[in-house]
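Undergrad: Residue-level listing of the chains:
Number of protein chains: 2
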Amino acid sequence: MIRDALKNEFQKIVGKDNVMTEAAELHAYSYDSAVLDQAQPAVVVRPENSESLGKVVKLCNENGLKLTVRGAGTNLSGGTIPHPGGVVCLTTALDKVLEINEEDLYAVVQPGVVTAKFAAQVAAKGLLYPPDPGSQAVSTLGGNVAENAGGLRALKYGVTKDYVMGVDFFDVNGELVASGGKTVKCVTGYNLAGLMIASEGTLGVFEKIILKLVPPPAAYKSMMAVFPDMMDASRAVAAIIANKIVPATLEFMDNFTIRTIENFRKAGLPLDAAAMLLIEVDGHQAQVEDDAAKVEAICKEHKAVSVRVAKDDAERNAVWQARRDALPALARVRPTTVLEDATVPRSKIPAMMEALGRIAKKYDLTIGTFGHAGDGNLHPTILTDKRDQQEWHRVEAAIDAIFEEALALGGTLSGEHGIGLAKAKYMKNEYGVGAINYSRRMKSVLDPNNILNPGKILGPLLA
Amino acid sequence: MIRDALKNEFQKIVGKDNVMTEAAELHAYSYDSAVLDQAQPAVVVRPENSESLGKVVKLCNENGLKLTVRGAGTNLSGGTIPHPGGVVCLTTALDKVLEINEEDLYAVVQPGVVTAKFAAQVAAKGLLYPPDPGSQAVSTLGGNVAENAGGLRALKYGVTKDYVMGVDFFDVNGELVASGGKTVKCVTGYNLAGLMIASEGTLGVFEKIILKLVPPPAAYKSMMAVFPDMMDASRAVAAIIANKIVPATLEFMDNFTIRTIENFRKAGLPLDAAAMLLIEVDGHQAQVEDDAAKVEAICKEHKAVSVRVAKDDAERNAVWQARRDALPALARVRPTTVLEDATVPRSKIPAMMEALGRIAKKYDLTIGTFGHAGDGNLHPTILTDKRDQQEWHRVEAAIDAIFEEALALGGTLSGEHGIGLAKAKYMKNEYGVGAINYSRRMKSVLDPNNILNPGKILGPLLA
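Listed in order, the protein sequences are those of chains D and A.
Our numbering puts the first residue of the first sequence at 515, with every later residue one more than the last.
Our numbering puts the first residue of the second sequence at 515, with every later residue one more than the last.
The hints are simulated quantities; they were obtained by calculation from the structure and are not laboratory data.
The beta-carbon is built from N, C-alpha and C at its ideal position, and this holds for glycine as well.
Worth double-checking, as some hints may not be accurate.
Per label pair, the in silico range of CB-to-CB distance [said to hold, decoys possible]:
(1) R779/A <-> Q635/D: 58 to 64 Å
(2) K526/A <-> Q904/D: 56 to 62 Å
(3) E803/D <-> L975/A: 37 to 43 Å
(4) E803/D <-> V819/A: 56 to 62 Å
(5) E815/A <-> G924/D: 49 to 55 Å
(6) T880/D <-> V728/A: 36 to 42 Å
(7) R779/A <-> A637/D: 43 to 49 Å
(8) K526/A <-> P730/D: 57 to 63 Å
(9) N577/D <-> K942/A: 26 to 32 Å
(10) V847/D <-> N757/A: 46 to 52 Å
Computed list of lysine to any residue pairs in SDA-like fashion (alpha-carbon distance at most 25 Å, straight line) [to be verified]:
(11) K758/D <-> V802/A
(12) K758/A <-> V622/D
(13) K942/A <-> S564/D
(14) K726/A <-> D676/D
(15) K670/A <-> I614/D
(16) K610/D <-> G946/A
(17) K817/A <-> E616/D
(18) K572/D <-> V947/A
(19) K670/A <-> R773/A
(20) K670/D <-> V728/A
(21) K572/A <-> G948/D
(22) K875/A <-> R773/A
This is chain D alone, in the form it adopts within the complex (with noise of 0.2 Å):
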């Protein structure tokens, strides 16, 4: 419950109508999409520009009130679940494509903006903005800075950290901080737009953000590889990227996720295939041909029974429709997803994939492996149902084990889905404690009342 008087701030600031306290509303922001349990916010507002965004971190700041900033709440590990009793701020009427400079090679834009539709934007100036998480769809560039999402592309482009160039966010207190800009160079004053990258929305509220652009690739090929043996595709991937290769994407399937998706939508998919690699290569023509043709080399000597190279955009689109399948398809087999990504060095992976399958075995469960192979960021995404305690108990046991895995391998916890409420326990496993100390100091003095995303990264602190 909130105040009368609060409730009435609220509305001064951002109107009446961008006001929600009912309870139907409260519920659908209290969940992103993490299996994670809910908690309710006292109020949802939907500032609809900045001044107002402003306003409402100051009001919250001087009451105490807990806030999340949420974009979509595609968020993966909890890091878009408000406190409760909180305060949700929604990003969505911030949707502004405030510039897109083709001479200089960037665009500004509002937080709120969604991910995909701004990628078309930038297409249609003949220009590429390269970051593709997997919810671009409906996902928002803020969210995504705030994350440092991934997706398929990051092997060749790299992450959406890539691209930020400057951020300008309100700190606690409502005042706007600048940092970055619009130059190629630019080394003036902390790197606080590379801090605000990964934060997760604790220690400030973006405003705008300004982000690269690159030329796009003027060819590109597609394949598809199926091997009959699962530690021979993960020896290709190691061996594509040893052999100086870099592909745009390089995606990996393992047999339970190719029997999924083709149940899931027939799309003529080998059964019998223990593994798929989905493979693109991009740039100039010339060095498209000679890419493509190494890479299919190295798959066949790697055993693979077949390499089928797209012909057409068609037959592109069919392959990368089987790697978007891929989720949703597996997220049908049983009522709980847990979708990970633990990530290792590359060379890693084939030592990860016998570590998944030892893992699974031990624990009885069902893995369904397909994501990134080429940057070392798989997707383990273990099938399951929350309701049976039992079960769940050793889901739990393996989602550590995995985690113990990915660092012993000198891995990461996450390579892209962010810390948030689900993984903050596991921070000590990674960095020791001084990272934590360092980063709540930190945290303690640019955010004194704790009211920032609290919880999130850092666990639950004493403020």
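Given chain D, put chain A in place with the hints provided.
TA: Only chain A this time, still in chain D's reference frame:
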């Protein structure tokens, strides 16, 4: 003067030979490459391993000793000028390349590794570390990260920031903080590695750095285009980018710089050229051919009188030797060389060139301009004599005018040289007070005694 007891403590940590307090030694570390007043430290220490480095930091903090970490001292904004009576900590003995991983395309280095030596070791393994700051022959990787050093290849390959995957650093208490990692994708915890980049030694002391490596281009081609009109040359730069060509390097030189280089080393440069562009395109052989042809055509469209394409490595070296000669040649003309790096969006290069001409005339100064035109990062170089007070006042006024112009064009105070002591007072002109307040709050909690390279970036603090 340092108290004997403290000197003794330092000797216990780093060994007797690694503690310097002689006048000549202190003098040697009282300045860097910026045109600023010297400041003498009380002691210079040189730890030979990580453990000692951490202990030095701790000892300084416990005793309120101001600490400036120094690599090669090539800093151009006073970032390595110590606090008077403070401690200089040399990283020159922390010079080990700990790992070059060819499978996973990363390297782990200590902060004192020399940039060019590292690049050569990487090249020997058939890989590329792209950042190539002007001082690379002597500069250290720790310094490069602390300053986010740029270089000639930034246009296509980015700057140091784009190659930092992780930084382990000591906080002010001497506690080790880990951040980032060896995976291409990593969103575990705050982007502390990102925060360290360009922080100029004010937020932590680097222990170890993880750097990204890339496969080298298969082919390259260098060109030199001569223009009778400077504005045509700068328009050609904008046109190359607008045509979606991304050269590895795209450098500019004005007539004064050309004549000064020719005077320095008879290289056969065209003395009557108003301006020259030095360009290198790289990548797949076919792409190089196409890009080179397009660049040549664009230069000719913009009234270049000649475009010479280097036929072999000797001719290529001659092109880049001329560029490397620019600063040493200019530096010989007058006793004092002020090398600026205010940076604008690339399409604003013509406007910036015009402004520089106006400023030189107004303040009756000799300004030679060269630099990284492709990324908007020019180096207007004022040739003067600091002992001539009247002229020096005009220089200071001209610098103010250059910054004002760059900011008015949507640019930034510093593209790659850093803020240091030199530009701290201009910070608020670019970002306003919000960013400065936020940064000062952060600094106040991460370095409560203000011992880490005080005065840099944020100016004098109260602590």
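Undergrad: Each hint should be assessed against the structure and marked as holding or not.
TA: We went through each hint and held it up to the structure:
{"no.": "1", "hint": "R779/A <-> Q635/D: 58 to 64 Å", "verdict": "violated (50 Å)"}
{"no.": "2", "hint": "K526/A <-> Q904/D: 56 to 62 Å", "verdict": "holds (59 Å)"}
{"no.": "3", "hint": "E803/D <-> L975/A: 37 to 43 Å", "verdict": "violated (59 Å)"}
{"no.": "4", "hint": "E803/D <-> V819/A: 56 to 62 Å", "verdict": "violated (37 Å)"}
{"no.": "5", "hint": "E815/A <-> G924/D: 49 to 55 Å", "verdict": "holds (51 Å)"}
{"no.": "6", "hint": "T880/D <-> V728/A: 36 to 42 Å", "verdict": "holds (38 Å)"}
{"no.": "7", "hint": "R779/A <-> A637/D: 43 to 49 Å", "verdict": "holds (48 Å)"}
{"no.": "8", "hint": "K526/A <-> P730/D: 57 to 63 Å", "verdict": "holds (60 Å)"}
{"no.": "9", "hint": "N577/D <-> K942/A: 26 to 32 Å", "verdict": "holds (30 Å)"}
{"no.": "10", "hint": "V847/D <-> N757/A: 46 to 52 Å", "verdict": "holds (50 Å)"}
{"no.": "11", "hint": "K758/D <-> V802/A", "verdict": "holds (18 Å)"}
{"no.": "12", "hint": "K758/A <-> V622/D", "verdict": "holds (20 Å)"}
{"no.": "13", "hint": "K942/A <-> S564/D", "verdict": "holds (21 Å)"}
{"no.": "14", "hint": "K726/A <-> D676/D", "verdict": "holds (13 Å)"}
{"no.": "15", "hint": "K670/A <-> I614/D", "verdict": "holds (20 Å)"}
{"no.": "16", "hint": "K610/D <-> G946/A", "verdict": "holds (24 Å)"}
{"no.": "17", "hint": "K817/A <-> E616/D", "verdict": "holds (24 Å)"}
{"no.": "18", "hint": "K572/D <-> V947/A", "verdict": "holds (17 Å)"}
{"no.": "19", "hint": "K670/A <-> R773/A", "verdict": "violated (29 Å)"}
{"no.": "20", "hint": "K670/D <-> V728/A", "verdict": "holds (10 Å)"}
{"no.": "21", "hint": "K572/A <-> G948/D", "verdict": "holds (14 Å)"}
{"no.": "22", "hint": "K875/A <-> R773/A", "verdict": "holds (19 Å)"}
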